[in-house]
Structure formats: C-alpha cells, structure tokens
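Asks: Order-wise, the sequence lines are chains A and B. One gets the working numbering by counting positions in the first sequence from 1 and adding 3 to each. One gets the working numbering by counting positions in the second sequence from 1 and adding 15 to each.
Simulated from the structure, these hints should not be mistaken for laboratory data. The model shown is predicted, which means the values in this text are computed figures rather than measured ones. Backbone N, C-alpha and C fix where the C-beta goes; we use that ideal spot for every residue, glycine too. One or more hints might be untrue.
Stated by the list, open to error - Simulated restraints on C-beta separations:
no.	chain 1	residue 1	chain 2	residue 2	range
1	B	ILE275	A	LYS67	43 to 53 Å
2	A	GLU141	B	GLY334	51 to 61 Å
3	A	GLU142	B	THR37	47 to 57 Å
To be verified - Restricting the straight-line Cα-Cα distance to at most 30 Å, the calculated cross-link-like pairs of lysine-lysine (BS3-like) are:
no.	chain 1	residue 1	chain 2	residue 2
4	B	LYS291	B	LYS279
5	B	LYS279	B	LYS238
6	A	LYS12	B	LYS49
7	B	LYS56	A	LYS130
8	A	LYS130	B	LYS151
9	B	LYS151	A	LYS134
As the list claims (entries may be wrong) - Partial chain A-side listing against chain B, Cβ under 10 Å, derived:
no.	residue
10	ALA26
11	SER27
12	TYR85
13	VAL98
14	CYS109
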Amino acid sequence: METPSFMSKQYNMHLDFSLALGASFTKWMQALKEKKILGNTCPKCKRVFVPAKPFCEICFEELKDWVETDGTGVVESFTVTYQKFRNCPEPPYVVGIIRIGNAGTCMTHWIGGLDYKHPDEIPEKIKIGMKVEPVWKEERVGDPLDILYFKPVA
Amino acid sequence: MEKKAAIIGVGMTKFTSCRRETRSRAELAFAAVKDALTSAKLELKDIDASVYTSVDGFEATVRPARTLEALGQVLNIPLIDVNTGGSAGGSGIKEAVHLIEAGIYDIVLVYGSPTFNSVVDNQQVLNTASPPIFEKPFGIGAVHMGAFYLTRYMRDYDLPEESWADVAAKNHRAAARNPYAHLRKGPTSAEILASPMIASPIRLLECCPTSSGAVAMIFASEKRAKELCDTPVWVRAMSSITDTFLSGFKSYQGFDKLKILAQKVMKAAGIKNPLKEIDVAELFNPFAGFELLEYEAVGFCKEGEARRLLDDGVTDVGGKLPVNMSGGVVCTNSGISASVIRHAEVALQLMGKAEGRQVKSPSVGLAHSWGGNDGQFHTLAVLTL
Ligand SMILES: [Zn+2]
C-alpha cells in the first residue's frame, strides 16, 4: 500500500449562543411588533440613534429620550450580492446602509421591491440618497427581520 | 522618543492556497521563525519576549497561540497574544515596539500566523465578524463591508469601474514579480473586468484569495540593533485607531478613521508631504479598490484624486511612490500574517532585500493594516533607514 506524503483530519464544533439584549435594544425590538421604528436621542449632542443604543458613544451619556420615526430612510451605500454564500440569502440580493429619518447612524437591511430580471442592472437602479420605506411582515416577533425589506418610496 | 526600536530580521515562507497547503501550522511557524532568526544572526535563546498575533474563530478555538509553544514555554519568557482582527499583525508589532521603546526588552519576536488554514468554509467565519443580531442575518461578510465603501466612493467621485480593475491589475503584476506571493498569474484589467461580480462593485479578481504561509520579524533596541545589523530599519512613528463595531454606524465616505490616524502618525514622524517624503508603501487591500481610498486617507493626494495618482503611474513600478510592490493583500491574504507582512515587505525594501520587487534605494516607508469588523481597527507605521 502506498504511504501518503501528507494527511489532513477534519473536525467540527456546533455551538449555540444566546444574548441578553438589555433595556434599550429590547424596547427597540418590541416596537417593531407595532410597525414602529424608534430611535433614542443623546441629551448632550442631540444625535438620534436608529437602531437604539444604551448610551451615546461620543458623549458617554445614557440615552433615555425616545423618538418615533416615520420609518422612512435614505440609502447611504449598498451592495448587490451575486455570489451564493452558505447560510446567506439566494443571490441576487441587495444590502443597504440605510439612514432612518434624521438619525446620526444607519442600520443595515435589505433593499427590495426592485426588478430582479436583469441582475446586472440592479446597481444602476439604486441611487445614493434614494428614499426608502419598510415593508412589514404579517406576523412580527420583535426582530429586525420583522421588516421584510426596505423599498423605494414611490 | 528617547529609546528607539528597529527591525533587524525578517522571515517568511512562500505562500500558497489553503486548499493546497501540506505544511502544518507548526511547520510553517518553525520555518518563518528560523528564517527570521537567521537573518537577524540570532538564536532562539536570544529572544526576550514573543508576540503572537492571532484572531479568534478560524480554528474553532480562541487560543491559536498554541501552535507556537516553544517561543514561550522553552525560554520561560512572556508570550503575548494580540488580537485586533485582521490588523492584529500591526497591533502586535506596535506592542513589540512599545516594549522595546519602554526599555523593558532588547529583542522581541513578532510572529504572524496563517489564519484561514483550518476552517473548511472560510466565509462562514468571516460572516461571524458582523454584529450577530442586527447585521449578520442580512448576509454580510467581509466582501460586502468592503463593497459599502467602494459603492459610495464610486458614486461620490464618478469613478468608472475600470479603475478598480486597474488598481487590481497593478497589484497582480507586482505579485508576479514576488516569489513569495500566492496569486502570480498577473491578469490584465480586461481579464479582471471579465471575472464574476461577487458583491457590487467588487469582482472576483479584485478579491483576496485565502492563502497559507507565515511570517516572523525580529525587533531590537537601538544598542542591539546597531551591534547586530548593518541595515536596521527604524520605527520612526507608529500608532493605531479604533472605530465602532457596527457596520451601520460608519459613514462610508472614505476611510475617515485612517485619515485621523495618518495625520497623527505623519506629525509624529515629522512628515509634512507624504507623497514627497515617502518612498515605498504597503497599504492593506484585501479588496483591490481599498488602495485608492487609502491613498487619500494617508495623505498621498486629496479626496477624489486617487485615480489620477494611479493613472499617472505614481504608485506603480518606477513611480515616485510605489505602493504594494509585494502584490498586496489582494494577491496574498493569509489572514493575520498579511498584516505583519505589510511591515515585513517595507522593511525588506528598505534593507534592499526585496528580490524581484525591489524599489530603487528607498529610505522612508509606510506600512498600514486594517481589520476587525469593517475597518474597526487601523494601524500605521513610518519605517526608515
Ligand atoms: Zn452624544
């Protein structure tokens, strides 16, 4: 029998994780059930955080004041994925960096409601600064995925 | 700075694909460290401390330093594990430099491990870099994060897609001259533009491969450096900067944190005009297009003018400031060792030992590393003869 010049051995680990969200993320997630996208405001610099945060990273102040946005936002940047990655959506899909209302920060979410028949042309259909609005799921559980995607405002 | 630190030895293995790798992690480490010690005319027993640069997750363990026990255990010396994602190499080097500048040690070894060797589907781990609840579910990995920066830059400055391919081609041509590089076929801009789109605007041949290989560097105090080395490379200034973890909290208008870091480091190094005063640079570009944003952030040109620098050949072979003559990260990405390599390559250039990729007698070099979730960390070093 021939002796191989090198070998490799395969192993795996399946790990599950659970994360306490804390008060501000919990409140933000719960509001999604009511089709509301909340933000919280820094008492010092007045920046609005969407998604909400426990404290302002610049001023190091607790964020106690809440605002309800109208849910619309603008696209600050995006990418269209053409390659299939394991445990990721079927391509093509669009992920946007979306600024909700006058928030000082952005959230990542899908941009949908586009014509996908010519995948090569998708990037040209999206403009920086384009206005988008959320399309909600029928059944919501309090999770960013309660929003199916953001679609261009007609 | 009262005390100075110098690079006196560089050791590197040749790089290949992770899938074709037959060397074990221990064999790679042994080869790189042996090579570094030989080039510094030292033996293992001469090392006062070791810095192991690593990143968690890719080996299903957060103690990857286990692959190089000898550096601590045999010598009864500290083994310092530094992890700031992809920039861990730069961060580890910074720690070594600080330890020497503080006068604590005379000889410090920095080891850059290969990162992607054991995980079967590397993207699965890269996708864990993003925040798990708020961002990961949307299917964002490293390439998508890079794409957010490049999409915005293209739109803000009307950059044609060809420019990304041109900067990729410049790196691929350079890698073909570097005997250590992984991808050495040197595709043209047209071939790069014909490669599949992965995440717009990034095409396959503008993305780094997953490479295997290792690098080690020896740092020394001023006294020991002068005793041991004819061409010590001095660390004139070095620092790092930190950004938010969340991808959504970044502005995507250039590398703003790198810009702040560069202003600090250039000031500390006494450099007023980087383009004029720097002779060679290695900028971290796992996606080829990053290089253009980095020209602007480190002050080689004004915002929106990177394309002109590239088109005029300023950063190519024979230009005023050749950048990524190693072929860059886009042609060889062995994970953490890639951020050590940026410094190793600049050191080899200044020592005049860069073989097929040598720039004509440089005396000031710049080395950059980028890492963590979506450019959460940058390091920058000015190295001089
Ligand atoms: Zn504030």
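Asks: Each hint needs a verdict: does it hold in this structure or not?
Replies: How the hints compare with the structure:
Restraint check, B/ILE275 to A/LYS67: a C-beta distance of roughly 30 Å breaks the suggested window 43 to 53 Å. At about 59 Å, the CB distance of A/GLU141 to B/GLY334 agrees with the hint of 51 to 61 Å. As the Cβ distance of A/GLU142 to B/THR37 is approximately 52 Å, the hint placing it in 47 to 57 Å holds. For the proposed pair B/LYS291 and B/LYS279, the alpha carbon gap of about 18 Å is at most 30 Å, so the pair holds.
Between the alpha carbons of B/LYS279 and B/LYS238 the distance comes to roughly 27 Å, so the proposed pair stays at or under 30 Å and holds. Between the alpha carbons of A/LYS12 and B/LYS49 the distance comes to roughly 27 Å, so the proposed pair stays at or under 30 Å and holds. Restraint check for B/LYS56 and A/LYS130: the C-alpha separation of about 58 Å exceeds 30 Å, so the hint is violated. The suggested pairing of A/LYS130 with B/LYS151 holds, with an alpha-carbon distance near 24 Å, which does not exceed 30 Å.
Simply put, B/LYS151 and A/LYS134 have alpha-carbon atoms about 24 Å apart, close enough for the 30 Å limit, and the pair holds. Of the supplied interface hints, the one on A/ALA26 is violated, with its beta-carbon coming no nearer than about 15 Å to a beta-carbon of chain B, more than 10 Å. For A/SER27, the suggested interface contact is broken, since its CB lies about 12 Å from the closest CB of chain B, more than 10 Å. Interface hint at A/TYR85: satisfied, since its Cβ lies 5 Å from the closest Cβ of chain B, which is below the 10 Å cut-off.
A least Cβ separation of about 5 Å between A/VAL98 and chain B falls short of the 10 Å threshold, and the interface hint therefore holds. The beta carbon of A/CYS109 comes within 4 Å of a beta carbon in chain B, closer than 10 Å, and the hint placing it at the interface holds.
Hint compliance for this structure: hints 1, 7, 10 and 11 are not met, and every other hint is.
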